[in-house]
Amino acid sequence: MAAALTAAWADAGATVTPARSRLASLQAVQNIFLAGFQALGTLGLLLGTAGVAAVQLQGLFERLGTFSVLRAVGFTLGRVRLVLVLETVLMVLLGLGAGVAAALLAVAPALASGQARLPLAWIAATGGLALVAAVTAAAVAATRAVIPAHPTAD
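The opening position of the sequence shown corresponds to residue 1 in my numbering, with each subsequent residue numbered one higher.
Source of the hints: derived by calculation from the structure; they are not laboratory data. Fair warning: there could be bad hints in the mix.
[What the hints assert, rightly or not] Beta-carbon label-pair distances, calculated as ranges: (1) Val89 x Gln38: 24 to 32 Å; (2) Leu43 x Ala101: 16 to 24 Å; (3) Leu104 x Leu43: 14 to 22 Å; (4) Ala108 x Gly128: 22 to 30 Å; (5) Gly36 x Ala12: 31 to 39 Å; (6) Thr66 x Gln27: 51 to 59 Å; (7) Thr66 x Phe33: 41 to 49 Å.
Every residue gets a Cβ at the ideal spot worked out from N, C-alpha and C, and that includes glycine.
Just need the whole structure built from these sequences, with the hints factored in.
Structure (structure tokens):
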């Protein structure tokens, strides 16, 4: 049948291909786009992690007076540093949670129809690496900060 249709429409340039092969080629194009978006998402995650480190350092330097007051009222240097790390962890976890929720909302129709599956290992790996990088940046910033025990009068 395909050969007869191709011969009948040869002057119009039509070709007949099975639906399965046509859908497979379209699926390949879709997969290329998805891989590209996944790469862009990973790049965005890396840039966001670098942004967390920069904001952490800026916030630390802007609040040195506040941390000095905490030290003056009895907080140990370790406690102040722990506060810095925990606030970064909280913000990164909230950001990752919001990103995962938005992504799940975006792919919910495909998941409900059974056309897609979640790359759970990739999600866990990139989210975990982002969290580790943010905690490392916070710990480095907190360790490098010189927070005096008593604020100086300026």
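Here is how each hint holds up against the structure:
Distance hint check for Val89 and Gln38: the Cβ-Cβ separation is about 25 Å, which falls inside the suggested range of 24 to 32 Å. Between Leu43 and Ala101 the beta carbons are some 21 Å apart, a value that agrees with the proposed interval 16 to 24 Å. The hinted range of 14 to 22 Å is satisfied by Leu104 and Leu43, whose Cβ atoms lie roughly 21 Å apart. The supplied range of 22 to 30 Å is met by Ala108 and Gly128, whose beta-carbon atoms lie about 24 Å from each other.
For the pair Gly36 and Ala12, the beta carbons lie near 35 Å from each other, so the given range of 31 to 39 Å is met. The hinted window of 51 to 59 Å between Thr66 and Gln27 holds, with their beta carbons roughly 56 Å apart. Separated by about 47 Å at the C-beta atoms, Thr66 and Phe33 satisfy the suggested range of 41 to 49 Å.
When held up to the earlier numbered hints, the structure conflicts with none and fits them all.
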